[in-house]
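S.K.: If you read the sequences in order, they're chains A and B.
To convert, note that position 13 of the first sequence is 13 in this note's numbering; the numbers rise steadily by one, no gaps.
To convert, note that position 67 of the second sequence is 67 in this note's numbering; the numbers rise steadily by one, no gaps.
The calculated lysine-lysine pairs, modelled on PhoX-like cross-linking and capped at a C-alpha distance of 25 Å, are:
#1 K71/A to K58/A
#2 K42/A to K27/B
#3 K68/A to K58/A
#4 K58/A to K94/A
#5 K44/B to K42/A
#6 K94/A to K51/B
#7 K71/A to K44/B
#8 K68/A to K5/A
#9 K15/A to K42/A
#10 K94/A to K44/B
#11 K5/A to K71/A
#12 K110/A to K15/A
#13 K62/B to K94/A
#14 K58/A to K15/A
#15 K94/A to K57/A
#16 K44/B to K68/A
#17 K58/A to K110/A
#18 K44/B to K62/B
#19 K27/B to K71/B
#20 K94/A to K5/A
#21 K42/A to K5/A
#22 K44/B to K5/A
#23 K5/A to K57/A
#24 K68/A to K57/A
Rather than coming from a laboratory, the hints here were simulated on the basis of the structure.
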Amino acid sequence: QQQVKQSPQSLIVQKGGISIINCAYENTAFDYFPWYQQFPGKGPALLIAIRPDVSEKKEGRFTISFNKSAKQFSLHIMDSQPGDSATYFCAARKAGNMLTFGGGTRLMVKP
Amino acid sequence: NAGVMQNPRHLVRRRGQEARLRCSPMKGHSHVYWYRQLPEEGLKFMVYLQKENIIDESGMPKERFSAEFPKEGPSILRIQQVVRGDSAAYFCASSLGERTDTQYFGPGTRLTVL
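Only chain B is shown next, with the shape it has when bound in the complex (with noise of 0.2 Å):
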């Protein structure tokens, strides 16, 4: 039973490139959420997406970033034009319901700006 998979986990980008993060929740999960962590800080929520759906972006900034869950295929976090401010891990949880307590994460893209 495969757990939440992220890739790539390693990304280097130069500012004003496209970052594209993929995460496939675990199997039977249609819940995906987006944290991201600073170095040395905890994790701050970003988005929560159903299939096809976005619930809660209350964490996303306002611009170059997106997130989509389509209908089929993983989930993408995309960030255009890439500041070296955006030096981070990115990681993605799955839960199987939407008041299901446990949110299962993955092992996290980490993003470097250059």
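Looking at chain A on its own, in the form it has when it is part of the complex (with noise of 0.2 Å):
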């Protein structure tokens, strides 16, 4: 069963662009919504996160929107530049601490 529902599979932005990727939960009992940036051939590096008693939470041109009674949060990426090129996976984690990710994103910054 996947806990953790994120789209689109693939993006294409052009440079200067806003890159959006949604994702949606089913289990309330979620406490932290972390993004993750991964290369090819790289481990995943952590991007930006946010907890669920916040609505939005901002970072340079990374951006969390979060719509708890929906279940739903989602990443916004401003001004879009090709060393964005990367796939994006959200997650989500509960006690004991493993994390659920979603499917991910591959996004395409064109210049």
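Combine both chains into one complex, guided by the hints.
M.R.: Take a look at the structure:
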């Protein structure tokens, strides 16, 4: 059973545009929602994370929007750059500390 | 400050052989997690360990897979009698404490079973 659903699977954005990736979860016990960025051949690297008691968190060009009632959260990348081209994973954590990952979004930013 | 280290980075095994994957957590981290990533898929949790203890192994296949995190030395993920379906990238992550949110990932071991 997939507990975190991520969309789209792939995304193409022009340089300078906004990249938006969405995730939905089912388990209300999740209490921490990180986003990871993964380049080919590398391990995932933490990008930004949010807790369900806030609706938005911004760090530089990256913003997480969180909708607790809808059980949805999204990543917005403003002013997308070719260097942002990577695979992005949303995840959710509950007590016990393991992360449940979404299926990933392959982002390509065209120059 | 070295990050999470994994070795080998690439491992090729023939069907029926054993694969041993090693993970050294970040300095000061005592919690280790193993995840598996199949091609074009997200990461799937396998096992969560602290020093000398398995905390949660709900994601581990019931047979052929085992993990340990001894008092001294790296964490080891062992796969016995490998099959082609075991071909994947195996990632290790570590965290400072049980309720510390951030898990830091290593570069992964890419296992290919011929």
